[in-house]
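Protein chains in written order, with the working numbering: chain R, 4 to 261; chain B, 970 to 1383.
FYI, nobody ran anything at the bench for these hints, they're computed from the structure. All figures in this text were calculated on a predicted structure; none of them were measured in a lab. Honestly, I wouldn't trust all of these hints.
Derived pair list, reagent style DSBU-like, types lysine-lysine, alpha-carbon separation capped at 30 Å [as the list claims (entries may be wrong)]:
(1) R:Lys125 to B:Lys1313
(2) R:Lys125 to B:Lys1250
(3) R:Lys125 to R:Lys164
(4) R:Lys125 to B:Lys1304
Between beta-carbon pairs, the in silico distance windows are [unchecked claim]:
(5) B:Tyr1307 to R:Leu211: 33 to 39 Å
(6) B:Glu1366 to R:Glu80: 17 to 23 Å
(7) B:Arg1054 to R:Pro186: 44 to 50 Å
(8) B:Lys1309 to R:Ser260: 36 to 42 Å
(9) B:Gly1235 to R:Gln61: 29 to 35 Å
(10) B:Arg1361 to R:Glu80: 31 to 37 Å
(11) R:Arg35 to B:Tyr1336: 41 to 47 Å
(12) B:Asp1302 to R:Val39: 48 to 54 Å
Only part of the chain R face toward chain B is listed, based on derived beta-carbon distances under 8 Å [stated by the list, open to error]:
(13) Glu84
(14) Arg121
(15) Met126
Backbone N, C-alpha and C fix where the C-beta goes; we use that ideal spot for every residue, glycine too.
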Amino acid sequence: MSAFFCGVDIGASATKVVLVDGDGNALARVVRPSGVDYAATASNCLKLAMQDAGLVDQPAFTVSTGYGRENVDFAGETRTEIHCHGLGCFHLVGRAVTVIDIGGQDNKVIHLGDDGRRLEFKMNRKCAAGTGAFIEEVALRLGLQVGELDALAGAADRTVKLGSFCTVFSKTEILSHLRNGEPVEGIVRGAFESVVERIVEMDPLDGLVAATGGVVAHNPTIVEIIKARIGREVIVPEAPQFTGALGAALTARSLASN
Amino acid sequence: MGDKPASAIKKIEATGLMRKLMGAYFQEIDQAARTGDRKIAWCTSVGPAELLRSFGFLVYFPENHGAVLGSSRLAQELIPAANARGYSPDICSYLTSDVGSYIKQQTPLIQAFGMAGIPKADVLVYNTNQCRDVQDWFAFYQREWNVPLIGIDTQRGLGDITRDHLDGLIAQHKALIPTLEEVSGRTFDLDRLKEVVASSYRCTLLWKKVLHLAAHVPSPITFFDSTIHMGPAVVLRGTPEAEQYYAVLIAELEQRIADGVAAVDGERHRYYWEGMPVWGKLRDHAEMFASEGACVTASTYCNSWIFEPLGCDDPFEGMARSYTELFIVRSEDFKEQYLKTMFKTYGIDGMIYHDAKTCPNNSNCRYGMPQRLNRETGVPYVTINGDLNDLRLYSEEQARTQFEALGEQLREGA
Ligand code: SF4
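Using the sequences plus the hints, can you model the full thing?
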């Protein structure tokens, strides 16, 4: 059995594990809610991933990333999400790219050069506006499941604009739109557009643009809105929710070979 | 089991002496506040302290108290009290911490130095060179105590400083004299002012030397050390004690250089800190960077207490120029040039901007500076959102991730 490498990405809402082989091919991917016990969730995800891939031995090396990166006791090293998302995305795209990652709690814009080296990056300000947490709040306010939003936004024939920066103010705005009889589809689309606005104002989106993260994985309409907003194609790499965990696994692979 | 990891911060031996000096400074003020045997002037940190000392005032700097409240994290309990009185959470959190401290009668100065509390001012003297908040801050106390509030209104955002600017400022300094004479009961003494200004100038040169030693690779001192050791340059400039102190500190740092001792073991990155410290996280930040082998070697903040024009012959000219040529008073273009020079002087390879929510005046990342400087110098940067005192505005995780990502980026590029 040849060696394999593990990447764990403990995000604010979900924990992702990716296992790769010596050539960097993904062998398994698992995602579970992060819950409150990050260490236990990480171990559980690893176990499930190994079962999926039919692996028995432990990974040769593990790297963890994400908010909970310090909590993974079987990780040999940690790297930031910035590093891992960049690396994971470059591995899949293979050329200079601007990565937009929309996570549960924060957004990132990462500029990578031709050789994959990071040129610059930005994280959103500490407010959750424009992140997955914002979308969850909107679903809650509208009495919907998060999984229902994308279809609604896609079906909207017009957008009901949300003008506020702030998650709390946006929720108040939603109330007044509902009072005025505005359609739910339009409001959801307005919320999605506001997510995109928060990203567009973070940093210039130059060159080839790729979108990753859980929000992108579950809400393809967001990607359509980004395309329309910037007037260019936006690619979504394979398994966009796992880009960070993939980057961590690839880091584990290169650390093990050094 | 459960052992805390050893601290990566290297202690500066002179710290003990500094604490003694600062203790004596506060006790002298407390004595005056209790007995009324000497007059107390409150002064903004880059205000006309020399003029006040020449009248024999003991000079108290509320911004220094603000920093103490931030470092002790007591600010968290005090800011809401000021907010409730109508002082917005969006304005200077030194102001709101200090006013909250007065309202709640809580200050670490009581435990640390046995003071009775915040010392009552006989006169309040500001300079709006740094911001307008200081004027409103002092006005709170004017209303509380019914004491004179006087000050200097400095134009801000200045590119070139003209003769007209300076003449106006000199006239404003001189216009303070009648009130200061009346409150102090002393007549203005030009020779005494010259002596104080000369001492302040000597202190400035010594403080400059301390900071400049950080240009050495590896640096013998970090920004986090300097924010502590600048205490005497802020509150005791113009006194012999400050001069004596810096001579001791310089000797220790020069010894470190001679012995090849670095402030941060294995220094591999040299950062510049632009903006205020996050006072309540100062130690955490120092540990975080040191454990990564990153030395924050230089900052605008600590350099803001270098007042070289005090060396000129006319003390009024010296004060007017010193308190107007400062970085915080200047235009974006001036600031950009200044930062470029600092990058070169200190061999900076990464830049950290602190966007402090309640102090736009010390947040120099709001008009495109990071992007411009990055384009021109290639030095990578991160911007953390936070605040000097209000930790409700600071996200530990986001800051930590950005600091680490900056180090990763430098290592990837190496
Ligand atoms: S410069 Fe900033 S921190 Fe200093 S007093 Fe003014 S607002 Fe407060």
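Hint-by-hint comparison with the structure:
Our distance criterion of 30 Å between C-alpha atoms is met by Lys125 of chain R and Lys1313 of chain B, whose separation comes to about 25 Å. A C-alpha spacing of about 22 Å is found between Lys125 of chain R and Lys1250 of chain B, which places the hinted pair at or below 30 Å, so the restraint holds. Proposed proximity of Lys125 of chain R and Lys164 of chain R is supported: the alpha carbons are some 26 Å apart, at most 30 Å. With a C-alpha separation of about 23 Å, the suggested pair Lys125 of chain R and Lys1304 of chain B falls inside the 30 Å cut-off, and the hint holds.
For Tyr1307 of chain B and Leu211 of chain R, the hinted distance range of 33 to 39 Å is satisfied, since their beta carbons lie about 37 Å from each other. With their beta carbons about 19 Å apart, Glu1366 of chain B and Glu80 of chain R fall inside the hinted range of 17 to 23 Å. At roughly 45 Å, the beta-carbon separation of Arg1054 of chain B and Pro186 of chain R lies within the given 44 to 50 Å, and the hint holds. As the Cβ distance of Lys1309 of chain B to Ser260 of chain R is approximately 40 Å, the hint placing it in 36 to 42 Å holds.
Between Gly1235 of chain B and Gln61 of chain R the Cβ separation comes to about 31 Å, which falls inside the hinted range of 29 to 35 Å. For Arg1361 of chain B and Glu80 of chain R, the hinted distance range of 31 to 37 Å is satisfied, since their beta carbons lie about 33 Å from each other. At roughly 44 Å, the beta-carbon separation of Arg35 of chain R and Tyr1336 of chain B lies within the given 41 to 47 Å, and the hint holds. Checking the proposed 48 to 54 Å range against Asp1302 of chain B and Val39 of chain R shows it holds: the Cβ atoms sit about 51 Å from each other.
The closest approach between the C-beta of Glu84 of chain R and any C-beta of chain B is roughly 7 Å, which is under the 8 Å cut-off, so the hint is satisfied. Hint status for Arg121 of chain R relative to chain B: holds, with the closest Cβ pair at about 5 Å, below 8 Å. Restraint check, Met126 of chain R versus chain B: the minimum CB separation of about 6 Å is within 8 Å; hint holds.
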